[in-house]
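Residue numbers (my numbering), protein chains in the order written: chain A, 1 to 112; chain B, 1 to 534; chain C, 1 to 695; chain D, 1 to 533.
Hints listed in this document are in silico derivations from the structure and should not be mistaken for laboratory results.
It is possible that part of the hints are untrue.
Heads up, incomplete: computed chain A residues facing chain C, CB under 7 Å, no partners named [to be verified]:
#: 1; residue: 16
#: 2; residue: 19
#: 3; residue: 20
We treat Cβ as the ideally placed atom computed from N, Cα and C, and that holds for glycine.
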Amino acid sequence: MTGYLIVSAVLLTCGVVCMASKRNAVGVLMGVELVLNAASVNFVAAAEFGPPAVPVQVATADAIGVGLDGQIAALFVIVLAAAEAAVALAIVLAFFNQHGTADVDAASELRG
Amino acid sequence: MDPAALLSLIVFLPAAGAVLTACAPAAVARWIGLGTVAATFLLTTAALLPAYFEATPDDHGMRLVTDAEWVGSFNIRYTLGVDGISLPLVVLTGLVFLLSAATSWNVSEKPRAYWSLFLLLETGVLGTFLALDLFLFYVLFEVMLLPMYFLIGVWGGPNRAYAAIKFFLYTLAGSLLLLVALLMLYAAGGSGVGASTFDMRLLSDIARGAGTGEYAGVTIDRGTQTLAFWLMLGCFLIKLPAVPFHTWLPDAHVEAPTPVSMILAGVLLKVGGYGILRLAYPLAPLGAAAGAEIVCALGAVSIIYGALAAMAQTDFKRLVAYSSVSHMGYVLLGLGAWTLSEPDFWKMGFSGAIFQMVGHGITSTGMFFAVGVLYDRVHHREINRFGGLLRRMPIYAALGLGMSFAALGLPGLCGFVGEAVTVFAAWPASPWAAAAAAFGIILTAGYMLRMVQRVFLGAEYVGPLRENLSQLSGRETAIFAVLMALAVALGVYPRPVFDVTEPAVGRLVDTLGDAVEADRERNDGETVIAGAAE
Amino acid sequence: MSVPALLIAATFLPLVGALAGLTARWWRPRKDDRAAGFVASACILGSFGLALTAALRWDGPEPIAGSWYEIFSLAGVTLELGHHIDSLTLTMFCLVSLVASCVCVFALGYLSDELTHEHRDHSFEEELVRPGRFHLFFGYLCLFVTAMLLLVIGGNLFHVFVGWELVGACSYLLIGFYYERPIAGAAATKAFVVNRIGDAGFLIGLAALLAANGDVRFVSLFEAAGAGELSRTALLIGGFGVLAGCVGKSAQFPLQVWLPDAMAGPTPVSALVHSATMVAGGVYLIGRMTPALPGEVLLTVAYLGCATALIGAAPALFQTDLKGILAYSSISQLGYMMLALGVTGWGAGLFHLVTHAFFKSLMFLCAGSVIVACHHAQDVTKLGGLMRKMPVTAGAMLVGVIAISGLAIPGVTLFGEALSFSGFHSKDAILSHALAFTEANPAHAILFWVPLVTAGLTALYMVRLWGLTFAGTPGSATKGAHESPAVMLAPILILAGLAAFCAIGGDGGPLYGFLTRTAPEVGTFALFESPTEAAVDEAHHHAEMMGLIAAGLGAAAGLALFGPWRRAPGHARAEGLKDAAVVRWLRSGWGFDAVYRALAVRPTLLAGEVAALTDRSALDGAVHGTATLARRVARFERSVDERLVDGVVRGVGRLARGFGRLFGATQSGGLRQYVAALAACAVGLAVLAVVLLAG
Amino acid sequence: MARDWQGVLPDLALSLPAFAPELIVCATIVALLLTRLFGMARWLPAGSVAFGGSALATALACLQWGGAFESPSDGWAGLVRNDALTVYVRVLCLLGWNLTVTLTLLTGVPRPSIDPADDDGPDFHVPLAAVALGSVLMGQANHLLMLFLAVEMASVPAYVLVGFRKGSREAGEAALKYLVFGAGAAGVMMYGASLLAGVTGTLSLPALGERLALIPLEGLEWNEPGVGGAAIAGVVFILCGLAFKLSLVPFHFWTPDAFQGALAEVSGFLSVAPKIGAFALLVRFGLSLHGPFGETGDALLTGLGLACAAGAAVSMTFGNLAAFAQKDLGRLLAYSTVAQSGTMLLGVAACFLGVGRGDGDLAVAGLAGTLLYLTAYLFLNLGAFAAVAIFRNRTLRTDVASLAGLGSKMPWVAGAFAVSLVGLVGLPPTAGFVGKLAVFAAALSDRVGSPLLFAAALIAAANTVASLFYYFRPIRSLYLDAAPEGTSGAPIGPPVTGSERAYLVLLAVPVLLILPLLGRLGALCDAIAEAVL
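Just need the whole structure built from these sequences, with the hints factored in.
In structure tokens, the structure reads:
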């Protein structure tokens, strides 16, 4: 379990750094995907392994692990990531059409 | 009429008038406005006074109490009532609004909006004086703000936006202090009991540990009372206004149109004094006992500071505004006169403060009216550019002179009684404050007479638009004469006001004294126990 | 009618006249109509009649006290209006109403130039034409009489204070009667404000006594003070407070500065208000309060009176204004009265009050007569030689001069009495009390010598006044002068008679006898020893002689300098003393005005400016500063969105840049900072939460 | 998820009726899409469909009123919770949707094109409906997955809505910013959910507290976070996601940009419906951390309450201060929503603290206060943005200065706007005051017990004063400032129609007349709060 958590943490870090450092909007969105994937890894891991280090006194067996819920959650994450990506690409396209660039730094016209 | 419904009618008749005015054609707005105000005035005098004297007071000295369930979940009730503290102010409100409405007769810009706001303001003021439920009080207290903002902001002078928002900001800051204090007391008053209450009467009982029924034994601790007292005091000091929270007042007055100034000085400032008497003291007697001396001192400071600042003004209206600061200082002085050993002097202080509020209501209304009359004619207020008005407008100047004398506290006119009584009452409590206040009369005479000399006396009017200096119209004379007559009547025979206030003030002082006494005993008891423990 | 009823009626009867005068513009719109004056005169005369009746009916030394109505009352504190009637009250009533009657009748003639729509005021460079204000004057006058009587009848200090302020206001109106003249307005304001300084003290004293005693009725105050129930502090504060009020009202040092300026009012006003009645109010009140005054206060009264007597007399020597001389003389004489009260000469002080009222109002009316005759010229250097043109006035004035100087012909007796006028008797009484006092308390010897010197000075300046005005060759302003009409002369003659003979018998005479019927007993004081009656009697002889010598010397000097045999016109005779700096200094009343302007008026105005400035800059400044600060912060905050996140998450940014360099891309920009901030905040908060919850 | 399959049918039978309004929303979405497909748009405009759907959904939601109080139940196998709070949120969100649709019909957004087949209507109304659906779902999510789904459901269409103004640079930029920030937030939240799931072994909110109670918080070392640390990090990450939806500082950056770039109608809706849902979700999530056992839950919830109080204070202050300098109405109102969220959060803080410290009264008061405030806020913000939209249609500008002198030219709109702004300040007798009072009353009720909450309430009071500055700037422009030279007298744009007026009045009436109805409303909120707790 710990291993998976570490992997997911690394993924998360990569995603965040990617979001923060990429100039291109598409790149930023890829960072988001990474973060979501980190979550997916966690979910799947949680489905497989019980909660670590919890002194389990809970009565029912299925309560120990996330079980199927985790895997379904991972699926949903993927689906939603796809949906989001679709919308995101549309918006980026629109932005590109108007600004002639997909550079997120160009998005600095709205100021108070 | 059912006496219980009378108060509701008084409070909401102007609001109804406001709605009606807003819907009516602009041409008849002023008729509806004046009619409503006049009807309200009649209600506050012809109907309220007899009903008041016929009614029997309840346990808390309140009469004509209307009580109805309103918001169950917060235990908010719709409670109105009147006692000797509020009655003079209610009558004053009716009168000042009537005179002010008469002064507003020629408002031509957006008359519908003007009159609606005007009437709404009256509802707010009357409601504030009559509400017995803290929530209701607060709501109506704030209802006064918006109309005032617009009345200053839309119909005001050149710098009106600044003045209006300044007025609003100060007062709102104050009212939020009040809100915080009220909610604290609300919570504290319900601690350990099922229901907190917003009822002033119950809360004041609880505050001095004399709650009955389900509130028996509930008290509000000293820390909460102290904090709440200072918060409430802050609110009312701003409203009053006392130095150093007064700077909104001159600006607001200078920019406000004449009728609004009359209302502001004549009535709205009184809400501050009333609030101290009705909320700050009874709801937090322990905090108040500790802070009374400061109230007294602030009063003295206001008197001197206001007078000094007035002396430096060259704008007639600003001068009168600062004189309001100074005169309201006497109210504070009286309110701060907590002489525990001499309850009679204590009562005298409160009574004097109420009287001073009434007296100032008349004189300041008159003074602002006087300024307005001039401003209407020559469109400036520069003291040094008047002169000779006693010659050009003898009736006006004579009345103005009389009003100035009333304002500077000449015996036989209403300003004197309040000043003298508050100074006398403050002496045993705080001789220094009383002495300072006594010296205030020198400064008052100084700036008033300086103004009189430059405006009314002298050989010739030296400002612009000399040809506009026409005699007072009948309407103006009537307004001014009514004020002057009242100033004389109350100055010569102030007993009616004192007679009305006395039972309420007496009751208030007794309960405050009990609260302080009980607290002292409790502390003594604790000390004894602590001593025994050692 | 009972005595109180009579006096109350007498008090309020002039109010009818006041109303008549103030409203005459409606019921008598014609300007050349004396109706208001007649009504006023009738009312005041009626008042006098009532007062006289009351005085005759009053039987006995016991004062009659009563309450009218309460202003404020609770069990432990009472403020009320009420009366306290004793011989002093009755004397004052008769005095005030009598002098007022005379003045009122005199004014019917004096103010006849106001009976027109086009009154011309010559005191302006360009002649000012205005409607006359005949009615108004009588309205004010009656109002004043009411206020004065209200003051005198007062049965408690609060009531007296009410009257006190009201007479002040009436005085304001009367001084400012010629309000077009800047000087009149300024003088009126000055008088009121200076008086208010004293009144502030009065108010404090009142507060102290009220707090100590629960009410301020004279009867109960005296009882309590006598029984030692009042604390010393209260008595001292009360006493000094009341004294402060009296100092203001009676133009005592150091508040005497307003009285000379008050001469800007019409002359009848000066005669009534500023010499005979109102300014005597302070003396009256000290007299009234004597039983409750501690020794410290009395001694202060004596010294203040002593100082005032001299301070008033010296400028009078050099004044060139007819009324100015009289005004300073009034100050000086009021000082005498105070002195007498201070040295426990209760009867003497009030005796002098009465006699002074008569002869000083007489002199003012004579001066008024001269002024009318000389077309409102009142500079003595421009007068002179009027003796022949106005013999009656001159004669009457002479009576006044002799009376005030305290001259008498010793040895010659008339009806078993030294040949003397009223002033001699009263001044004699004062001096003998002062002498007895200084003999009993040698440390206070100055209290006798100063008034003695002043007596000489009085004679000197009075003779000078008379000499410059009536003797010598006619001055420049006396052209066309003629004797005044009967309506003005009649009151002058009546007052002359009173000034001459009212004090007949001295301190054995009827007036003194009546006045002292309810005299308070002389108390015993720790601070000084009160002279016994026997000592006073003993001192009488010495004092009489010394007083006469002083007055005689003064008069002789005056006659020598300004006597009728000096033929030069007034200005030439006055010239010798014109330009010396010390003369200018004295003439300006010891320069008090300048000193006060520098030490009190300027600083107060400055304090006012400071207060206004504080408002504008400090208080408003604080508010504005807060607003500005908020706006600054807001602008700063706004830039947080776009730029400052850069700074806030600089660490993360640097990290990102590090990674970015790793990936071959270094940038910085808005949107990514948002995201970086998001991540940073999320992580930071998580860490914080862990630390707080688990740590 | 080893579930008993036999339970599915009864579960379905139970869930479906309760879910009816959501189904209607879904049906509306489908219908909207279909109109485009079959060219029905010629006789059935998308707006009408949306209106009909929203009205029907709202009506259905209202009909569910009573049942949820009596028998709260789980739906969809525990994914959603159907209780009083659910119904309340559902009604409010759907009402907000309905009102927004009405407004778009009145203001002509999206602009009807000449060719009905080319109408933008569906493009606009579908995401709008989807946001509404997401908001409603947020109010009932009872499961971490549902939580994530609901938030995404409310977010993703919102990106589209913000960018709806085709060809507008502003809108494009706003959408991009919103998108990037939102996606980041969603990622963080999802990660947090996954952490929590991993640590506790459950995704179901009700079970969360029970499991968390097993984790001892004491003895956790910060450098060895371990399980407890992961749990807390998970909670915090989820809260960050919610804070993003609530636009609380420091997760508010998107708000001003998005609201300035978007149409006022959209901004209004986005500031209301998702926020109501998110608050409900926050409460539900927060309460789920509190198991019936152990001190972990107490400590967590107390900490959460304090964090909320601090966050509230920060949000209010930053939002208000930032709003001072704004010139654009949309941006100004955006910062105002940041500040308003802060104030509302105060009630939630009181609620959490109350639960954490076992003070039931405080908890109920706090939650009820927030609910009351949200109700008021719905009308206030919708009213304000509606007025902005109507002004925009006339002046073609959205800056504060463009309002100068309109007070007398467009009295109804100006009046409604002023009422909304006054309400947002929180002045009586408007609804804003009632909400503020309820929240303050809860926060101030215990000075000694929770000084931080008390202090936050004091800060809130001070902020109310400060907010006067910017809320009254538009009012000042409307009424106090003269119309700019040259334009006076000339009417601006088409006159305000009666239906527009009616709409504004409809929004203003509840704001103004809340006081007489306060008793009922207060009791209702109390009842809901009690039911939830």
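| message | Given residue 19 of chain A as an interface hint, is its Cβ closer than 7 Å to any Cβ of chain C? | response | Holds - the Cβ of residue 19 of chain A comes within 7 Å of chain C, reaching about 5 Å at its closest.
| Restraint check, 7 Å cut-off on beta carbons, for residue 16 of chain A near chain C | holds (4 Å)
| message | Under 7 Å is the threshold here; is the Cβ of residue 20 of chain A close enough to any Cβ of chain C for the hint to stand? | response | holds (4 Å)
This entry satisfies every hint, going by the numbered hints stated previously.
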